[in-house]
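Protein chains in written order, with UniProt numbering: chain W, 1 to 423; chain R, 1 to 423; chain G, 1 to 423; chain C, 1 to 423.
You may find that some hints are simply not true.
Copies of one chain are not kept apart here, so a pair can be met inside one copy or by any two copies together.
Claimed, not checked - Under the rule of at most 30 Å between Cα atoms (straight-line distance), these lysine-lysine pairs were calculated in the DSBU-like manner:
1) LYS368 <-> LYS423
2) LYS368 <-> LYS245
3) LYS34 <-> LYS325
4) LYS325 <-> LYS344
5) LYS325 <-> LYS423
6) LYS245 <-> LYS325
7) LYS423 <-> LYS245
Everything labelled a hint here was simulated from the structure, so no lab data went into it.
Number of protein chains: 4
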Amino acid sequence: MPNIAASFASDAAPDEPILAQYERVRAQSMRLIKGLSAEDMMLQSMPDASPTKWHLAHTSWFFETFLLQPHLTGYQSFDDAYQYLFNSYYDTVGERHPRPQRGLLSRPSLEEVIAYRHHVDEAMQQLLQTTDAEIEAAVTIGLHHEMQHQELLQTDIKHALSLNPYALPTSNTTRAPSQTPDSADFVEFEGGLSWLGTNAESSFAYDCEQPRHQVFVPDFSLCERLVTNAEWLEFMADNGYQRPKLWLSDGWATAQQENWQAPLYWYQQDNQWWTITGQQRRPLDPNAPVCHISYYEADAFARWRGCRLPTEFEWEHAARAMDLKGHFLESGHSLPQPATSEAKGLKQMFGDAWEWTQSPFSPYPGFKTPEGALAEYNGKFMANQWVLRGGSCATAAQQMRLTYRNFFYAHQRWQFTSLRLAK
Amino acid sequence: MPNIAASFASDAAPDEPILAQYERVRAQSMRLIKGLSAEDMMLQSMPDASPTKWHLAHTSWFFETFLLQPHLTGYQSFDDAYQYLFNSYYDTVGERHPRPQRGLLSRPSLEEVIAYRHHVDEAMQQLLQTTDAEIEAAVTIGLHHEMQHQELLQTDIKHALSLNPYALPTSNTTRAPSQTPDSADFVEFEGGLSWLGTNAESSFAYDCEQPRHQVFVPDFSLCERLVTNAEWLEFMADNGYQRPKLWLSDGWATAQQENWQAPLYWYQQDNQWWTITGQQRRPLDPNAPVCHISYYEADAFARWRGCRLPTEFEWEHAARAMDLKGHFLESGHSLPQPATSEAKGLKQMFGDAWEWTQSPFSPYPGFKTPEGALAEYNGKFMANQWVLRGGSCATAAQQMRLTYRNFFYAHQRWQFTSLRLAK
Amino acid sequence: MPNIAASFASDAAPDEPILAQYERVRAQSMRLIKGLSAEDMMLQSMPDASPTKWHLAHTSWFFETFLLQPHLTGYQSFDDAYQYLFNSYYDTVGERHPRPQRGLLSRPSLEEVIAYRHHVDEAMQQLLQTTDAEIEAAVTIGLHHEMQHQELLQTDIKHALSLNPYALPTSNTTRAPSQTPDSADFVEFEGGLSWLGTNAESSFAYDCEQPRHQVFVPDFSLCERLVTNAEWLEFMADNGYQRPKLWLSDGWATAQQENWQAPLYWYQQDNQWWTITGQQRRPLDPNAPVCHISYYEADAFARWRGCRLPTEFEWEHAARAMDLKGHFLESGHSLPQPATSEAKGLKQMFGDAWEWTQSPFSPYPGFKTPEGALAEYNGKFMANQWVLRGGSCATAAQQMRLTYRNFFYAHQRWQFTSLRLAK
Amino acid sequence: MPNIAASFASDAAPDEPILAQYERVRAQSMRLIKGLSAEDMMLQSMPDASPTKWHLAHTSWFFETFLLQPHLTGYQSFDDAYQYLFNSYYDTVGERHPRPQRGLLSRPSLEEVIAYRHHVDEAMQQLLQTTDAEIEAAVTIGLHHEMQHQELLQTDIKHALSLNPYALPTSNTTRAPSQTPDSADFVEFEGGLSWLGTNAESSFAYDCEQPRHQVFVPDFSLCERLVTNAEWLEFMADNGYQRPKLWLSDGWATAQQENWQAPLYWYQQDNQWWTITGQQRRPLDPNAPVCHISYYEADAFARWRGCRLPTEFEWEHAARAMDLKGHFLESGHSLPQPATSEAKGLKQMFGDAWEWTQSPFSPYPGFKTPEGALAEYNGKFMANQWVLRGGSCATAAQQMRLTYRNFFYAHQRWQFTSLRLAK
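Work out the full structure: start from the sequences and follow the hints.
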């Protein structure tokens, strides 16, 4: 891993030592399993998802493999078999357990996996006693990697529990109705040549956000806020799911095959629409942003409204002026929140829900795959996926950046995904 | 359930009251989970199999549904949702949870399922304070049903753990080599008209074993013992898995598709063949009966040896004179044992391993589907399956009868299945 | 092929020389393609079926491979590539073209295939100038083989044309309504030990019909005639296709997956049921036997009527006393005909439609696979298939025998299959 | 269809009346079926492809549906059923025959389809006696549509015949070795803001090429010529197909699943590589451009060479200065030809083979779906496909434009696809 330091600098905040960061992020992972049993944490409900226990182990495997084994003299691996069991897709590191069978790993037990975390954490504390730029850079990657898995951990267990009719209790607390969002005016932006992306000189960024480069962005306008559940119900009432002309050809085929009639997790009961939030079933909030939709659905909705989705360049161009604040993981919301501010201008750009853009996930001009064992990172996924921007209520705040490019396949719905209209 | 009493009598042994039987069988189920964690007991490795936890709950559901709810005044169900979750295939009783998703039931927890068992057991003790022929008959079915699930519980968890490379430790105890079996002489039987099956007048039997009827059985001979692992290795060495002319057409297609090269659970390491026994990996015992083979493999082996498989009528005809003794579940063996007796004559007819017969699972002449809620029992499976006879080391001794007909699809291998040659 | 003569004698009729038989059967094949274009004859609508052109070529390949090449001195093959293209499943003869791709054989053209037939026919005429028992026996197999393919040719092209909405004109001739069948009384038969099957001593029979052996057949009764379309409409009106309790478990699963609501080829238009006959669409004749049903449907219907399907032993026992007469291929009917005779007793036992029996296709006691290149015949299909008896309107009369065992999978519907009730 | 005239002008050459164009293009289609039988023209070897006969009918259906029926008074349709059979994907025009079953259309016969073409042609001659701008615009679309199908017709029948081991004779003419291409220097281009796309003001262009818009293109360089077969053999010799690190993740999965080891149609025989050209099998020409590769293979090759694929913007920017000349359909070559010119500079930009670009097929800024029945054209395919540029030896010269965007899925290989390296 000799080239890590070359490819980006550590983003350690001036006042937070790397060890403190490490402890903070690692503790966050353990907070996310609150309310889950060892049995829950074994669930794998589809090949795209992984068991909670696997996420806990895999993120520790990362530190063991890329930090402790090469850099901590005398380090003893916790269990050699874990190399095979908890590798994800790093082909260069060796064979790995087949992804769709992660749900069959009843052994090691949760207890052993937690012991593994402690084992790794203690060794990491030892390693981080002394300062080393290269090591700090690699730890920074490991922490961002763990934050990514924190989000997946939340979406994966949500999907798994949603399939068990017995698992989730119905909310019986009466809730005050949320405030109706203000108008959904469009904010106009003047186009031109714009510098986008980053060179990651002074802080961490993934390979795919690099390098900083110029793009010509024509004039455009963005809606102030995300599309709401109430608006989505209008789309459904207008037969949005039944009209092929609104859909991309691949999207229509998928919607028919999967029998999509509403966003994921929505269901109707007693003449009311319900959804799943955190570990409860709860009536749909009409004022909250629509969530758990595929790219295909987002695209069809935009077409229905005579609009389109923004490009990732428009999004980044527009977001540059804004504070990087929003409802992130730390806010404690398990679903995106209604836009309640009366102020004019863009809202919900950061946090709440990922925004599908119309930009396929492609390399930036001058993109280079970093060398070394961590090099397999993002470049090999640059086909058939779409860029999402802005983060969600399941994203750690520290993970987010203006230039952050998330990406998923157009048919995937289990992430906290929403849309903002553009013209 | 008014017709149960009409269709068969209770097989309560003269000296064992029904409550004592109930407690004995139910306790046996709980003994089988020794060494398994709550996480292990959630595993479902294929649609054919069910999680251990599900078996524990479903067998209790049976007593709750067919005994307690209709017959115990004032009985309170443990949890109404269990009706849906733990129904297996009784269409008349209502909707049921989809079979391939049983592995997603992290909730209810193992703890809750065990509490469910206790709840049912306590109510059953109350119900069985008084004697009632109809109730005893239904309890008898429930106990035989539970014994069937005890066998499935063992084979299902064996399959699930086999897929986890980490789960099963390697045996490190040195074992004395088992004794080489004596000759494999054939015992000749004179044919003729034979009465087979049972009318279940004085003891319990399933619908498919009824009625007693006449069959003309030509002269035949059976091998004294089951085929051994050593003999199977000869078949493999003679390219048995590579010669289409030895195989049924469907069998050859399956073997190619599944890439069968040896019985299930066999693997080669350090120039030695290994297999899985109980919760360990252990070197193959050449003298033990071959086990975990499909009907297709059994049939190909027999053809290779210039023999054939017996019919179920030949088997029953030959077994009638024998004591119903053998290595059953209670013997504590986790694999079939070598035939070591020096006496001449049939061995291993009962226990050790199920014997594939060449008889498709068909209705006996005069077969009638019993009426009532328990009526869906076996008749609807009378297509595309084959009869196996004799029981295995995972079969409770009480479950076995001369007339017992087990049945599986020709491609299935995860049961304790073996073969005996016939001519 | 040295053992053919040993395994059965020729069934040449006393007054029809083998060459005359050859010419008669071969000419029959060519008559069956009347009305079909070269394009029609290329169609393969499912892997189970083959193109007409392939049937014409494959039956010629049989004579070239098993008669001309080994026995006619100086024989020149028509085209060496045909060995590969037109082999069906004779593994011993070499590689073969993959079955599901037979529809891609636009080349050789129909014209070339017909030239191939002529080439083979001329050489066969030469070969059959002299008499030789072994050769006559092999030719006899070849002719029975060709008659089997004549039936498949008809059912395969019917299936293919049925899928083209444009292919089949609607009958516009007014037809007199057929006569309503008389009662459907049951004829009782006394059981007992019965000799069934044949040793093929004096005439041809397939391996699977051999040897003659004893079976104990209990008393039984058979319905005088086949089930009619009108009776099947009653089954449909009584929700026969919607009630799982009437169905075998595998049958119910298939019916749901394939969305069966009526027999194959039935469709409703203008408040009337239509079906396909020959090369036309025509209103359903309520008095004709139901046709194109699977074993699963036949079994469900019988259960609905409180009856069952006969065993093949009952069928053969009952048919023994009857003349081998009926509506076979030569009668020119493209669908089974109503039973119109006023006489009492069994009708439609031969011809009209194949009758599903409840007997799985299994080896008779003492069954031996014949040796030699033709040995792969029927034994390897003895799994998962059911015996059908009696022949159909697409069966050549000469092909039929009392002991003839046809066999298909339980889900297959494209043959001329029907049912007779038994008790 | 009222808006067609509004959206683009006719591209009728100044000196070629629209009727002359019509006759020329229609005659070209008929020339392409030379050497094909009616049986060949029925072949459909995969869902992506269509039978030759279907292409001939569908292109006529287009003129009948969009020109004759709305515009020619008194026009009599040839056959009403053709509306259903030969619609492709125009949802607004009504139901259509399922695409994967096009190979089952033995009826109508080829003869009838050719009569259909004549019928349409005669009516079109009548319609085009008078001049009308709107009609000319629609005819122009129809002709471009037919030229697209001419290319598909060629690639589809090539694929179908390739699967028949008997269909294609081996070339037995000795061929002089082609000239080795000169160096493969890179030509450098200065970047900057570039105007790309077209507004289709003075000539025809598809919706997806519009509107003309500005893009910022960084400096780049392109290889003078396409990658050759000899270079591809080096990639194979260097284990290009076995090294996951060279591949996109989706590409690697596809390559494993499809067992790709070489471009489509390549096979090895007698220590030589062969491929298929036109209607022959012929030794591979090492100097000709590689052809029939997927996007995934093109991308892996470029990575192996330390290069990348060009964007479609780079390609268009570079091609703008060039004459629109090359080996198109009219040149009579059935495979791309070696680059033999000794001149420096870009070669093979037009014709020979389509060049995969790294640009996903996305809407241009300001893209608008045209209204009317022809509106379903290209917009709905803007997901998961990649842009290809430049045309091939199967593309009609008139079809090509600087701004033409062809598009296919990344896994597809049956088109004449190649690659040019970029840096």
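To see whether the hints hold, each was checked on the structure:
When the C-alpha separation of LYS368 and LYS423 is checked against a cutoff of 30 Å, the pair qualifies only between copies, where the shortest distance is 12 Å, while the shortest distance within a copy is 33 Å. For the homomeric pair LYS368 and LYS245, the shortest alpha-carbon distance between copies (14 Å) is at most 30 Å, but the shortest distance inside one copy (39 Å) is not. Taking the closest pair of Cα atoms, LYS34 and LYS325 come within 30 Å of each other only inside a single copy of the chain (26 Å); across copies the shortest separation is 53 Å, beyond that limit. In the homo-oligomer, the alpha carbons of LYS325 and LYS344 lie at most 30 Å apart inside one protomer (16 Å), although the nearest pairing across protomers, at 55 Å, exceeds that limit.
In the homo-oligomer, the alpha carbons of LYS325 and LYS423 lie at most 30 Å apart inside one protomer (25 Å), although the nearest pairing across protomers, at 39 Å, exceeds that limit. Taking the closest pair of Cα atoms, LYS245 and LYS325 never come within 30 Å of each other, the shortest separation being 38 Å inside a single copy and 38 Å across copies. In this assembly of identical chains, the alpha carbons of LYS423 and LYS245 lie at most 30 Å apart only when taken from the same copy (19 Å versus 39 Å across copies).
In summary, the one numbered hint that this structure violates is 6.
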